[in-house]
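Can you build the whole structure from these sequences, using the hints too?
Those letters in the sequence shown? Residues 1 to 533, per the UniProt record's numbering, in order.
What the hints contain is simulated information worked out from the structure, not anything from laboratory work.
Keep in mind that the hints are not guaranteed to be accurate.
Claimed, not checked - Okay, derived cross-link-like pairs now, DSSO-like style, lysine-lysine, Cα gap no bigger than 27 angstroms in a straight line:
hint	residue 1	residue 2
1	Lys106	Lys129
2	Lys226	Lys256
3	Lys205	Lys185
4	Lys311	Lys113
5	Lys302	Lys335
6	Lys299	Lys439
7	Lys439	Lys318
8	Lys180	Lys205
9	Lys286	Lys180
10	Lys129	Lys311
11	Lys434	Lys299
12	Lys79	Lys113
13	Lys79	Lys129
14	Lys79	Lys253
15	Lys370	Lys113
16	Lys311	Lys226
17	Lys302	Lys434
18	Lys299	Lys409
19	Lys420	Lys370
20	Lys450	Lys318
21	Lys335	Lys409
22	Lys238	Lys106
23	Lys286	Lys79
24	Lys256	Lys409
25	Lys370	Lys286
26	Lys256	Lys302
27	Lys434	Lys311
28	Lys439	Lys226
29	Lys335	Lys79
30	Lys299	Lys253
31	Lys311	Lys79
32	Lys311	Lys106
33	Lys439	Lys238
34	Lys79	Lys106
35	Lys238	Lys205
36	Lys370	Lys302
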Amino acid sequence: MYSYWQNSIYYFSGSYFTSKSKFFHSQPRAKFARIDFKLICEKFNCSFECSPGFILHKSNCILCPPGTYSSNNQCLQCKKGYFNPLPGASSIMQCYPCPEGSFNNKEGSSLCKICPIGYICYAGCFDPKLLQKKLGQIMEIPSQSILKDNNKNIRNNIFLLAYIIPIIVSIVFFTKDKLKIIIIKIDLYPDCHNYRNGEKILSQKNALGAAFTLILYFTFAYMGGKMIFSYFIENEYKEYSLVTLDIVNHLYKDFKADFDIYISVQNYADQCTNNINLTESSNFTKCSPNIFESLNALKRQKTSINCMILKDHSCAVKFSCIGCTVDTSSSITLKFNGNFSYGSGFFVNFTSKSYVINSNQRTFSEIYPKSNHVFTGSQPSIFNFLLTPSLFITPIDSHLSILAGYHSKEISLPIEGSQKNVMDFFSSNQLQVKIVLEKDIHGFVTEIHKYQNYNSLLAALFGTFTGLMSFMGFSLRVTEKLARVKIFKNKIKPFKKIVGLRRHFTDILEGVEEGYENIVSSNGLISTENERY
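What follows is the structure in C-alpha cells.
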C-alpha cells in the first residue's frame, strides 16, 4: 500500500510491534516511510517522472494550477465552457461543464460566470444565447419550390427583353430617311390622320401612324406569345385528395422517397469529424469513427452520414437516405461512443420533399436535460415523426409522370434519455439519440390536369389584336390632336410678336408726329411776333 505524490512515494512501513508487557503483546504501529526520487536521482544522476497533477520543471515538480490538468508533462487548459476549481488535476475528466445558468468564454478557467439577464445558458455553455433566438436553425434550408414555378420570373424577363429590343431597333430605323420611307408603308391607320369634324377624311400614311403600327405589332407579339406559352405550358389545374395507403401503393408500387435528418448535439465535448485538429467547419465531412448509425426496418437504396462542427462547439450530423421505404415503425439510432460523449441538448430536423405544399418540408424538434445535467448514458433520447406518403402525378406526352415524397410532422414530445450530473464524469460515457419514423395509413395525392381548347385560344388572340388596334388608333388621334394644338400655339406666338412690334412702332410714330406739330406751331407763333415789330 503506497501513494505517489509530487516526487515521493509514501508507504506503510509496519503493522505491529512486540510489547515488553505480556498482557499487551501487540499494538498497532501507525508508521509511514518515504522514498524521495529527487534525492536519489541527484545522487545517482538519474531521471524521474512527477506524480499525476504535477509537471517536471528544472528537477522540481510543480503543481498544475486550477483551470488546468496535467498531460504529457504539460499543464493543459480546460476548454471554453468547462472549469476546474482545484489544483493538481490529472485528467481532462476533471474539467467539468459549466452548470446550467452559467457560462465560461475563456480557456483555463477555475470558475464559471453567471448568465446575463435576457440570455439562456445550457450546461457546458461558452456563448450565451438570446432567449428569442431559436437554436439549431442553421440546419434549416430556405423553402424553395421543387417544381417548375420558380422559373416564372425568368420567363417573364425573357418575354420583356424580346419586347423591348425590337422597339429599340425600330427607333434606330426611323433615324434613317431611306428606311423611314419603307416603314411608313406599314401604317394601318391611313384614315385617322388630320381628322376634323365636318370635313372629308383624307386617306394618307405618315411616320407617326407607322410608329403606332409597330408598337401594335410588338405589343401583340408580346401578349400573344405569353398567351400561347401559358396555354400549352401553364394551362392546368391541380386536384388534391387524401386517399388510403392501398390506393397509394396501387398508383406507385414499391413506394420509396428521399429524406434527410439533421441532428445537432449541443456543446459536444468529444471528436465530431475524422479531422482531430479541426475546431470548426463550414461543410459536412466524414464523421469520427466513434459516431455511427444503426437502422431498423428501413428499406433503402443508399444511406450516408456526415458531420460538421458548429461555432458553438455543437456536433451536427446529417443522415441522408436515398430511395427509402418507411415501414409501420422504422427507426434510426445514432451512437456516440467517445470517452466524452455527452451534450446539453438535441436538435432534430427532418427534411423531405412534400408535393402537397410544393416545397422541401421540414419538421423541427428539440429536447434539453434537467437542470445541471447533460445527456449521456446507454438510454437514447427518442424523437417520433409521422410520415405521410405524397404523390405528384402529371401527364407528360402519352404517359403519367409520378414523383414521390414524404409529408412529415411530430406526433409526440421527445422522450429524455440517460442523464448525468455535470460533476459526475469519472467513467467512460456513451450518447445515443433515436429517430422513430411511423408510416401513416393515408397518403396525399396531387394530380395535374390540363385543359386545352384551340377555339378559345384563337378567340382570345383575335380579341386581343382587335382591342389593341382600337386602343392604338385612339391613342394616335389624341397624339395628333395634341401635336396640332402645339403647332398652332407655335404659330400664334410669332404673330402676336409682330402685332406687338407694329403697335410699338405706331406709338413711336404717333409720338414723333405730335412732337413735330408742337414744334411747328411754336415756330409759327415766334415769326408772327417778329413781324409786328
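Output the numbers, in ascending order, of every earlier hint that fails for this structure.
2, 9, 14, 16, 20, 22, 25, 28, 35, 36
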